[in-house]
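Those protein sequences? They're chains A and B, same order as listed.
Residues in the first sequence are numbered consecutively from 1, following this note's numbering.
Residues in the second sequence are numbered consecutively from 1001, following this note's numbering.
Worth flagging that the hints you see were computed from the coordinates, not collected in a lab.
Hints are supplied without guarantee of correctness; some may be wrong.
As the list claims (entries may be wrong) - Each computed DSS-like pair below joins lysine-lysine, with the alpha-carbon atoms no more than 27 Å apart:
#1 K1056(B) - K1166(B)
#2 K147(A) - K1116(B)
#3 K147(A) - K1073(B)
#4 K1058(B) - K1087(B)
#5 K1153(B) - K1048(B)
#6 K1048(B) - K1086(B)
#7 K1116(B) - K1156(B)
#8 K147(A) - K1056(B)
#9 K1133(B) - K1087(B)
#10 K147(A) - K1133(B)
#11 K1087(B) - K1156(B)
#12 K1156(B) - K1043(B)
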Amino acid sequence: MRRFGFFRRLHQVVLVAVLTLGLLPNVQAQMSGNDLVDAALIAEPQSIRAGQPFWVGVRLRMAEHWHTYWRNPGDSGLATEISWALPEGFTAGPIVWPVPERIPVAHLVNYGYEGEILLLTQIMPPAVLPAGEMPLRADVNWLVCQKECIPGEATVDLALPGGSGEGDPANKAAFDTARQQVAQPSPWPADMQMADASFVLTVAAPGPNGGRIREAVFLPHQEAMIEHAAPQPLQITAEGLTLQMPRGSFAAAGLPQQTGGLLLIKEDIGGRLQQQAFEYPQIAYGTAPVAQPADWAAVLQAALLALVGGMLLNLMPCVFPVLSIKILALVSHSGQGRAQMRRHGLAYTFGILVSFAALAGLLLVLRATGAQIGWGFQLQMPLVIALLAYLLFAMGLSLSGVFHLGGSFAGIGDALTRRSGTQGSFFTGVLAAVVATPCTAPFMATAVGFALTQPAAIGIAIFLALGFGLALPFLVLTCVPQLADRLPRPGLWMERVKQALAFPLYATVAWLIWVLSQQVGQQGLLAAMLGLVLVAAAAWSFGLRGRVAMASAVVLLVAAAGALYGTARDPAAPAVAVAQPGGGSAESFSRQKLDTLVAQQKPVFVNMTAAWCITCMVNERTALSSDAVRAAFRARSITYMKGDWTNQDPEITRLLEQNGRSGVPLYLYYAGGRSIVLPQILTPAIVLEHLAQLDRPQNSASLPNPTINTQR
Amino acid sequence: MISRRILLSAAAIGTIGLLTAPQLVSANSGVQIGQAAPAFTAKDTNGKTVSLADLKGKTVVLEWSNHDCPFVKKHYTGNNMQALQKKWTGQNVVWLTIVSSPVGEQGHVDAAQANKLTTDRGAAPSAVLLDPKSQIARAYGATVTPHMYVIDKTGKLAYAGGIDDKPSTRVDDLKGARNFVDSALTELAQGKAVSTTTARPYGCTVKYAPPSA
Chain A
1 MRRFGFFRRL HQVVLVAVLT LGLLPNVQAQ MSGNDLVDAA LIAEPQSIRA GQPFWVGVRL
61 RMAEHWHTYW RNPGDSGLAT EISWALPEGF TAGPIVWPVP ERIPVAHLVN YGYEGEILLL
121 TQIMPPAVLP AGEMPLRADV NWLVCQKECI PGEATVDLAL PGGSGEGDPA NKAAFDTARQ
181 QVAQPSPWPA DMQMADASFV LTVAAPGPNG GRIREAVFLP HQEAMIEHAA PQPLQITAEG
241 LTLQMPRGSF AAAGLPQQTG GLLLIKEDIG GRLQQQAFEY PQIAYGTAPV AQPADWAAVL
301 QAALLALVGG MLLNLMPCVF PVLSIKILAL VSHSGQGRAQ MRRHGLAYTF GILVSFAALA
361 GLLLVLRATG AQIGWGFQLQ MPLVIALLAY LLFAMGLSLS GVFHLGGSFA GIGDALTRRS
421 GTQGSFFTGV LAAVVATPCT APFMATAVGF ALTQPAAIGI AIFLALGFGL ALPFLVLTCV
481 PQLADRLPRP GLWMERVKQA LAFPLYATVA WLIWVLSQQV GQQGLLAAML GLVLVAAAAW
541 SFGLRGRVAM ASAVVLLVAA AGALYGTARD PAAPAVAVAQ PGGGSAESFS RQKLDTLVAQ
601 QKPVFVNMTA AWCITCMVNE RTALSSDAVR AAFRARSITY MKGDWTNQDP EITRLLEQNG
661 RSGVPLYLYY AGGRSIVLPQ ILTPAIVLEH LAQLDRPQNS ASLPNPTINT QR
Chain B
1001 MISRRILLSA AAIGTIGLLT APQLVSANSG VQIGQAAPAF TAKDTNGKTV SLADLKGKTV
1061 VLEWSNHDCP FVKKHYTGNN MQALQKKWTG QNVVWLTIVS SPVGEQGHVD AAQANKLTTD
1121 RGAAPSAVLL DPKSQIARAY GATVTPHMYV IDKTGKLAYA GGIDDKPSTR VDDLKGARNF
1181 VDSALTELAQ GKAVSTTTAR PYGCTVKYAP PSA
């Protein structure tokens, strides 16, 4: 027996040697696709429940270095096909494809899979099931390639009884893994512009701000649509990202039949590139307007829009009082010379234009130096908001009659009668522009957004059109005497109107304080409101008109400035970021709270995130917000804390550094005096597993886990 | 009101377009329908020199082939390719089968092997051209076997793409498939414009020779 065994082994060795040495080039030619791919059908549930859809998967195991193809195989190859033979009344959905790899072949590219994949398909059973076991059968056809390509096919089947539809534990891991390999639905809208030689995909992903996106590539569902191997130049702006894709040489004319695709983004996570995949089942297509930076039609259109918008601004609560006061001044001096009136109108216009040009210039310069800011950036600074609130409040108080501002300030009173009154009008223009800015941002988004994408000169021209629109009503009034003549005679009504106009200003102040409340902490908000009281006191004191009163007014104003400092020093506890919390409600992170809870040995889960971190967002959506994780959080009464690192926060930075990280995401779990760092890529299973690790008593853990730290 | 996104995209296209124009040209290095087909000269399997320039006045078909590729096999096993070759060479069309696989790659054949294949398969091309340095394939941007091109009598490219609309390796799929080469040749013979000038090329990747100096 032993001898026989020896010879048999020898025989095998010789056979293998012959095959390897002599026949190697031919081995592949003789192989069939079935030797290279092992196909099987598995189901997620153990049984079928009537009317309840369930998942099955065709598992393909490829021989090493061989690949099968995605729905769009790329420059060559063929997508795997599954055709189903199901019992009466059953229907199968489309294949839910895992995210493919880009496989370069010479100067071409294929999209496909090496290793093992599970092609998920949802099966819908009928409301009434047939008796006995139900056979599910699929004919699977594939093309498997390394360099050479070999077609293969298999019929795979399984049978399931009717029942509760409960999951099959044996297949759970396979389905969990498969779902991880499927792309997420994209959270950002996208559209595709079609030009002669290329497609331009615009993804409105303002959050990431290009934060750490290093690469992005689009894989269209439609075959031959683009040159698959060509680089796709990526542009990241504050609005999102654009990818340009050269049209395929063999693309059919017109729109592709399938307009969806996959967006693959590589994000830098602590020096390592992490890929995220987002699925677009369909993308809206448009034909790209023939747009050059100097497309005058578009520029003119934007300028017109800006002009009309500027005119509308006059009706906004922040601007309306200013304009009205100006008109009232006009009314009270309607007797004066036409020429002088016109001068006032022009000075006012000039004041507005200078201010808008200055603001736009500043914005463009800042952007050119790389700051990712948009129009309204000034309103992101609490100091500016508080100052505007003070200013508008003081103006309101003045209108209410608390004090009287003479001369140049708001142009009330006798400024117009004086020769130097034009100066006053100029500054009223400046004031109008300044108080208009809080209203500009929300209403002028379109024109301003366009302006910012344009060369500086055009950008500034659009801003000027906006300013000119703002100035226009008053300018027209001063330049067309017939209109000015129509204004009502001066009288007591003017005083009443003036007083009434204080209220839109107060309303604007209220709004600004609300804005402020989102930007600063409670202390800062209190300081700002005390500042308002001080401004009011200063105004009252100023109105008393006496040396002592003046001095106290100045002191009070200095105190108000001190309050401003207090406001600026207390930035808000960071707002809770984009996606909503996983386990019930998330608390915002504070070191103190964390230390307290940890000291009390209460379980805490810390999630350090940032609005621009795509991986963080995906983790929250797929893992932390999953029902399983939420339930696990609830079951353990875990406090879920979330820290937002969107703006650098020294407290969070310290915690990151303590855990050897230079950036987000960071996930920490504290329980029973121990803590654990979770990986940067989460799945529900990973989270649950880590939570469970700390459930075990410390001593019984036979293998110490290196990532568990004991709290000191 | 103009949508903001359109404006943004417009601006983006404008700027990116300018930046990447040179890349576009190289990406589409292949050929364009309606333009002159790239000139080439090659030896056929009988030692004769074939030059596209000499074929002006005749309609020319280029068929990229790799006899071991399952997609090519489908069209020969099903007698589809041979039938097309016979039908059109009989109507004064020049049919050139091109083999671009270099030595050591799948599909590579020498002249004798190529001629034997032609006999064994009952094929009827006007000539089989050997392109082991993949130069003609590169000039035409051929990506797959079988990749098909039709050049009209004036030397302009009339069709480029897949042979039909059933991308598969199943012989059964030949039935009911719309053959784009046949319809392009039919339209050209009738003096009409070709209605479908391109379709997705399907098949095995052309086994390109490494670019040589």
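Against the structure, the hints come out as follows:
{"no.": "1", "hint": "K1056(B) - K1166(B)", "in the structure": "violated, 32 Å"}
{"no.": "2", "hint": "K147(A) - K1116(B)", "in the structure": "holds, 25 Å"}
{"no.": "3", "hint": "K147(A) - K1073(B)", "in the structure": "holds, 17 Å"}
{"no.": "4", "hint": "K1058(B) - K1087(B)", "in the structure": "holds, 15 Å"}
{"no.": "5", "hint": "K1153(B) - K1048(B)", "in the structure": "holds, 22 Å"}
{"no.": "6", "hint": "K1048(B) - K1086(B)", "in the structure": "holds, 21 Å"}
{"no.": "7", "hint": "K1116(B) - K1156(B)", "in the structure": "violated, 32 Å"}
{"no.": "8", "hint": "K147(A) - K1056(B)", "in the structure": "violated, 36 Å"}
{"no.": "9", "hint": "K1133(B) - K1087(B)", "in the structure": "violated, 31 Å"}
{"no.": "10", "hint": "K147(A) - K1133(B)", "in the structure": "holds, 17 Å"}
{"no.": "11", "hint": "K1087(B) - K1156(B)", "in the structure": "holds, 22 Å"}
{"no.": "12", "hint": "K1156(B) - K1043(B)", "in the structure": "holds, 22 Å"}
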